[in-house]
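Sequences are here, hints too, so could you generate the full structure?
Chain by chain, the residues:
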Amino acid sequence: GDSVTQMEGPVTLSEEAFLTINCTYTATGYPSLFWYVQYPGEGLQLLLKATKADDKGSNKGFEATYRKETTSFHLEKGSVQVSDSAVYFCALSKTSYDKVIFGPGTSLSVIP
Amino acid sequence: DTAVSQTPKYLVTQMGNDKSIKCEQNLGHDTMYWYKQDSKKFLKIMFSYNNKELIINETVPNRFSPKSPDKAHLNLHINSLELGDSAVYFCASSRQTGRNEKLFFGSGTQLSVL
Chain A
1 GDSVTQMEGP
11 VTLSEEAFLT
21 INCTYTATGY
31 PSLFWYVQYP
41 GEGLQLLLKA
51 TKADDKGSNK
61 GFEATYRKET
71 TSFHLEKGSV
81 QVSDSAVYFC
91 ALSKTSYDKV
101 IFGPGTSLSV
111 IP
Chain B
1 DTAVSQTPKY
11 LVTQMGNDKS
21 IKCEQNLGHD
31 TMYWYKQDSK
41 KFLKIMFSYN
51 NKELIINETV
61 PNRFSPKSPD
71 KAHLNLHINS
81 LELGDSAVYF
91 CASSRQTGRN
101 EKLFFGSGTQ
111 LSVL
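Residue numbers (my numbering), protein chains in the order written: chain A, 1 to 112; chain B, 1 to 114.
Careful, some of the hints might be misleading.
[Claimed, not checked] From chain A, some residues computed to sit far from chain B (all C-beta separations above 12 Å):
#1 N22
#2 E42
#3 S58
#4 T71
#5 S85
[As the list claims (entries may be wrong)] Cut-off 35 Å, straight-line C-alpha distance, at most; resulting in silico cross-link-like pairs (DSBU-like, lysine-lysine):
#6 B:K44 x A:K77
#7 B:K36 x A:K68
#8 A:K94 x B:K40
#9 B:K36 x A:K56
#10 B:K36 x A:K77
#11 A:K56 x B:K67
#12 B:K67 x B:K44
#13 B:K22 x A:K60
#14 B:K40 x A:K77
#15 B:K44 x A:K52
#16 B:K102 x A:K60
Honestly, the hints are just simulated from the structure, not real lab data.
Idealized CB from N, CA, C, for every residue including glycine.
As structure tokens, this is what we get:
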């Protein structure tokens, strides 16, 4: 079945470091891809999305590009802040099943 | 105003009890969901309703019964609670079904079964 795989955490970075969180997916057809973020004690929030191959989603300094050839949607940020500490979820959705499938999440801690 | 609100935030109960979690959204969305997040943060869909009609039921034990009295509310009732039901339960909504739709999540209900 369709699935999402993410790099295992936790990831610990110093403030202003470069961030990459890898995400790959397995799906037939043409899914939409998402990154959601969960801050401590809160529900998930959409961070960015891309709906077709080569689209780039971006928000709050985060970016991810939909790469169909490598079935990937890696999340990047050039300079992380302490406030970016959270759990990041890669996800996909297809019309055929009206739901969002989430990856296992990657915990990020940014230290001053 | 909270867009998706769920109550209670914490629920501690004994094995075998019956409990309910309530969810309301004020976004005017047609579709609502229940997700379960385990201790490793893995998030799995349980149910989805569109305009009060059940559209997804993901092999959840029949001890779990969702109820949608109207499209702004989706409640979750759990009978005969078991230790393995301990998790964080998230309610979510989207404008409609479809692969591009953004999910809006509540802040979660942490259920602890003792």
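Hints, verified against the model:
Residue-level check passed: N22 of chain A sits 17 Å from the nearest beta carbon of chain B, beyond 12 Å. With a closest Cβ-Cβ approach of about 6 Å to chain B, E42 of chain A is found to fall inside the 12 Å limit, against its non-interface label. The non-interface label for S58 of chain A is consistent with chain B: the shortest C-beta to C-beta separation is roughly 15 Å, beyond 12 Å. Annotated as non-interface, T71 of chain A keeps its C-beta farther than 12 Å from every C-beta of chain B; the closest such distance is 16 Å.
Non-interface status of S85 of chain A relative to chain B is upheld: no Cβ of that chain comes within 12 Å, the nearest being about 14 Å off. Taking the CA atoms of K44 of chain B and K77 of chain A, the gap is near 27 Å; set against the 35 Å cutoff, the hint holds. For the suggested pair K36 of chain B and K68 of chain A, the alpha carbons sit about 29 Å apart, so the restraint of at most 35 Å is met. Proposed proximity of K94 of chain A and K40 of chain B is supported: the alpha carbons are some 25 Å apart, at most 35 Å.
With a C-alpha separation of about 29 Å, the suggested pair K36 of chain B and K56 of chain A falls inside the 35 Å cut-off, and the hint holds. Between the alpha carbons of K36 of chain B and K77 of chain A the distance comes to roughly 29 Å, so the proposed pair stays at or under 35 Å and holds. Distance check on the hinted pair: K56 of chain A and K67 of chain B sit about 38 Å apart at the alpha-carbon level, beyond 35 Å; violated. Only pairs whose Cα atoms come within 35 Å are accepted, and K67 of chain B paired with K44 of chain B is accepted, the gap being roughly 19 Å.
For the hint linking K22 of chain B to K60 of chain A, the alpha-carbon distance of about 32 Å falls within 35 Å, and the restraint holds. Straight-line distance between C-alpha atoms of K40 of chain B and K77 of chain A comes to about 24 Å, which keeps the hinted pair within the 35 Å bound. With a C-alpha separation of about 24 Å, the suggested pairing of K44 of chain B with K52 of chain A holds against the 35 Å cut-off. The straight-line distance between the Cα atoms of K102 of chain B and K60 of chain A is roughly 17 Å, inside the 35 Å bound, and the hint therefore holds.
Checked against the numbered hints above, the structure violates hints 2, 11; every other hint is satisfied.
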